[in-house]
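Undergrad: In this text, residue positions in the sequence shown follow my numbering: the first is 95, and each later residue adds one.
Note that these hints are calculated values from the structure, not bench results.
By construction, the Cβ of each residue, glycine as well, lies at the ideal position given by its N, Cα and C atoms.
It cannot be assumed that every hint is accurate.
Okay, derived cross-link-like pairs now, DMTMM-like style, lysine to aspartate or glutamate, Cα gap no bigger than 20 Å in a straight line [unchecked claim]:
#, residue 1, residue 2
1, 153, 258
2, 273, 298
3, 335, 298
4, 190, 313
5, 404, 169
6, 196, 247
7, 362, 313
8, 214, 247
9, 349, 330
10, 447, 265
11, 118, 241
12, 445, 367
13, 362, 320
14, 272, 242
15, 378, 297
16, 126, 149
17, 249, 442
18, 118, 222
19, 273, 247
20, 378, 455
21, 214, 242
22, 126, 258
23, 126, 261
24, 153, 346
25, 445, 330
Label-pair distances were calculated between CB atoms; the ranges are [what the hints assert, rightly or not]:
#, residue 1, residue 2, range
26, 377, 407, 21 to 31 Å
27, 224, 435, 24 to 34 Å
28, 112, 228, 34 to 44 Å
29, 257, 403, 43 to 53 Å
30, 239, 403, 31 to 41 Å
31, 238, 128, 36 to 46 Å
32, 154, 193, 39 to 49 Å
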Amino acid sequence: MSTTDTELLCGLKRENFQTTINGKQTDLYILKNNVGNEVAITNYGGAIVAIMVPDRNGKHANVIQGFDSIQQAIDSPEPYRSTLIGRFGNRIANGKFQLNGKEYTLPINNGPNALHGGLKGFNARVWDAQPMGQQTLALNYVSAYGEEGYSGEVKTTVVYTFTDENELVIEYLATANKKTIINLTSHGYFSLAGIADPTPTVDDLICEINADFFIPTDDTSIPTGEILKVAGTPFDFRTPKPVGQDINADDEQIKNGAGYDHCFVLNKKEEGELSFAARIVEPKSGRTMSVYTTEPGVQFYSDNWGQGHKGQCGATFPRRSAVCFECQHFPDSPNRPYFPSVVLRPGEQYKQKTVYRFGIEK
Numbered sequence: 095m096s097t098t099d100t101e102l103l104c105g106l107k108r109e110n111f112q113t114t115i116n117g118k119q120t121d122l123y124i125l126k127n128n129v130g131n132e133v134a135i136t137n138y139g140g141a142i143v144a145i146m147v148p149d150r151n152g153k154h155a156n157v158i159q160g161f162d163s164i165q166q167a168i169d170s171p172e173p174y175r176s177t178l179i180g181r182f183g184n185r186i187a188n189g190k191f192q193l194n195g196k197e198y199t200l201p202i203n204n205g206p207n208a209l210h211g212g213l214k215g216f217n218a219r220v221w222d223a224q225p226m227g228q229q230t231l232a233l234n235y236v237s238a239y240g241e242e243g244y245s246g247e248v249k250t251t252v253v254y255t256f257t258d259e260n261e262l263v264i265e266y267l268a269t270a271n272k273k274t275i276i277n278l279t280s281h282g283y284f285s286l287a288g289i290a291d292p293t294p295t296v297d298d299l300i301c302e303i304n305a306d307f308f309i310p311t312d313d314t315s316i317p318t319g320e321i322l323k324v325a326g327t328p329f330d331f332r333t334p335k336p337v338g339q340d341i342n343a344d345d346e347q348i349k350n351g352a353g354y355d356h357c358f359v360l361n362k363k364e365e366g367e368l369s370f371a372a373r374i375v376e377p378k379s380g381r382t383m384s385v386y387t388t389e390p391g392v393q394f395y396s397d398n399w400g401q402g403h404k405g406q407c408g409a410t411f412p413r414r415s416a417v418c419f420e421c422q423h424f425p426d427s428p429n430r431p432y433f434p435s436v437v438l439r440p441g442e443q444y445k446q447k448t449v450y451r452f453g454i455e456k
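Let the hints inform the model, and build the full structure from the sequences given.
TA: Given below as structure tokens:
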């Protein structure tokens with residue numbers, strides 16, 4: 095963790111990430127594996143600001159969209175870019191849910207709905223960082239009782255490990271002192287071609303998603319309540335195909351999401367198993383990313399609202415220049431008793447593990 099800026103593959107400057115927010119120090123933390131690759135994370139929102147991996151010619155590029163500095167993160171028009179999301183990832187209809195017969199009201203921040211934990215979710219909090227050697231970083235955050243309208247105090251630990259197999263492993267643990275709801279995820283904006291000015295579109299990215307079913311939404315991105323087969327729809331990624339192939343299809347669900355912004359119901363042999371969720375291949379560079387998760391769903395988002403915002407090292411992020419695979423429970427689960435439960439009770443432990451494995455296709 096004592097790496098100097100001159101040794102950083104990503105070109106980021108540590109001092110640009112060092113400040114004090116509400117008495118807490120922010121910093122940049124570098125994970126280096128033994129095959130010469132690098133991940134950079136800041137404890138502001140747990141944002142991943144660099145994943146430096148090679149293409150088929152051995153040339154490194156940063157394959158995740160993020161920020162140059164803490165100030166850029168704070169001021170970002172896309173506050174969730176590659177950050178941790180909590181207490182509840184995705185949308186809750188009308189910002190309301192019931193627990194123990196009591197109705198809870200959350201801030202409305204996405205059309206008529208509550209999104210990604212509220213006005214100041216886990217993405218905008220300073221986490222306590224604990225480096226554990228050169229390949230692992232633990233982040234801790236205590237979410238106060240009533241924060242953003244949620245019940246109970248929640249203690250959360252997120253551990254990032256960058257293995258020698260080029261796997262970014264993210265493990266989540268949480269406990270609560272009162273019954274509450276929780277749905278954590280990492281909102282990585284992946285650009286396997288490498289971030290640039292402008293970052294290339296993801297249209298030609300070859301994508302596979304291990305799901306026979308997806309969750310359709312209304313025009314405010316809230317689940318309709320159905321669970322539909324992907325067969326015969328633009329949402330069928332069981333056989334790999336380009337992201338852009340059906341992204342503008344004449345399809346109500348595509349129109350509701352302005353592209354892909356839907357939760358896929360992952361094929362699982364048993365609940366909670368770590369299993370294959372998705373894979374993307376970037377044809378020009380040969381870079382690949384495979385996703386494995388213990389979660390029941392993955393929100394696949396094709397960056398439909400990108401507007402060319404600035405990011406690290408002069409990069410710009412136009413519309414559809416990234417894809418997100420947010421491994422999580424289903425949207426609006428608190429209001430859908432037939433969806434897998436998101437309730438966390440005292441004495442229980444919330445546990446989740448997601449793996450992003452980077453590779454090369456020759």
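Undergrad: The structure should be examined with respect to each hint, and the outcome stated for every one.
TA: The hints, checked one at a time:
1. Our distance criterion of 20 Å between C-alpha atoms is met by residue 153 and residue 258, whose separation comes to about 18 Å.
2. Under the criterion of a C-alpha separation no larger than 20 Å, the hint pairing residue 273 with residue 298 is inconsistent with the structure, at around 45 Å.
3. At most 20 Å may separate the alpha-carbon atoms for a hinted pair to count; residue 335 and residue 298 meet this at roughly 9 Å.
4. Our distance criterion of 20 Å between C-alpha atoms is met by residue 190 and residue 313, whose separation comes to about 18 Å.
5. Taking the CA atoms of residue 404 and residue 169, the gap is about 11 Å. The hint holds against a cut of 20 Å.
6. For the given pair, residue 196 sits about 17 Å from residue 247 by alpha-carbon distance, which is consistent with the 20 Å threshold.
7. Taking the CA atoms of residue 362 and residue 313, the gap is about 29 Å. The hint is violated against a cut of 20 Å.
8. For the given pair, residue 214 sits about 16 Å from residue 247 by alpha-carbon distance, which is consistent with the 20 Å threshold.
9. Note on residue 349 and residue 330: the hinted pairing holds, with a Cα-Cα distance of about 16 Å set against a maximum of 20 Å.
10. Restraint check for residue 447 and residue 265: the C-alpha separation of about 4 Å stays at or below 20 Å, so the hint holds.
11. Annotation: proposed proximity of residue 118 to residue 241 holds, straight-line Cα distance about 18 Å (limit 20 Å).
12. For the proposed pair residue 445 and residue 367, the alpha carbon gap of about 12 Å is at most 20 Å, so the pair holds.
13. Straight-line distance between C-alpha atoms of residue 362 and residue 320 comes to about 19 Å, which keeps the hinted pair within the 20 Å bound.
14. This hinted pair checks out: residue 272 and residue 242 have alpha carbons roughly 15 Å apart, not beyond 20 Å.
15. As the CA atoms of residue 378 and residue 297 are separated by approximately 12 Å, the hinted pair is consistent with the 20 Å bound.
16. Between residue 126 and residue 149 the alpha-carbon distance is near 17 Å, which keeps this suggested pair within the 20 Å criterion.
17. For the given pair, residue 249 sits about 12 Å from residue 442 by alpha-carbon distance, which is consistent with the 20 Å threshold.
18. Between residue 118 and residue 222, the direct Cα distance comes to roughly 8 Å. Compliance with the 20 Å bound is thereby established for this hinted pair.
19. As the CA atoms of residue 273 and residue 247 are separated by approximately 9 Å, the hinted pair is consistent with the 20 Å bound.
20. At roughly 10 Å between alpha-carbon atoms, residue 378 and residue 455 fall within 20 Å of each other, so this suggested pair holds.
21. Annotation: proposed proximity of residue 214 to residue 242 holds, straight-line Cα distance about 7 Å (limit 20 Å).
22. Simply put, residue 126 and residue 258 have alpha-carbon atoms about 9 Å apart, close enough for the 20 Å limit, and the pair holds.
23. Of the supplied pair hints, the one linking residue 126 and residue 261 holds, its CA atoms being roughly 11 Å apart against a limit of 20 Å.
24. Restraint check for residue 153 and residue 346: not satisfied, since their Cα atoms lie roughly 41 Å apart, outside the 20 Å limit.
25. Simply put, residue 445 and residue 330 have alpha-carbon atoms about 29 Å apart, too far for the 20 Å limit, and the pair is violated.
26. The hinted range of 21 to 31 Å is satisfied by residue 377 and residue 407, whose Cβ atoms lie roughly 24 Å apart.
27. Evaluation of the 24 to 34 Å hint for residue 224 and residue 435 yields a pass: the beta carbon distance comes to about 30 Å.
28. Between residue 112 and residue 228 the C-beta distance comes to about 19 Å, which lies outside the given range of 34 to 44 Å.
29. For residue 257 and residue 403, the Cβ-Cβ distance of about 31 Å falls outside the hinted range of 43 to 53 Å, so the restraint is violated.
30. Between residue 239 and residue 403 the beta carbon distance is about 35 Å. The supplied range of 31 to 41 Å therefore holds.
31. Taking the beta carbon of each, residue 238 and residue 128 are about 40 Å apart, inside 36 to 46 Å as hinted.
32. At about 47 Å, the beta-carbon gap between residue 154 and residue 193 stays in the expected band of 39 to 49 Å.
Figure legend: structure checked against the earlier numbered hints; hints not met, in rising order: 2, 7, 24, 25, 28 and 29.
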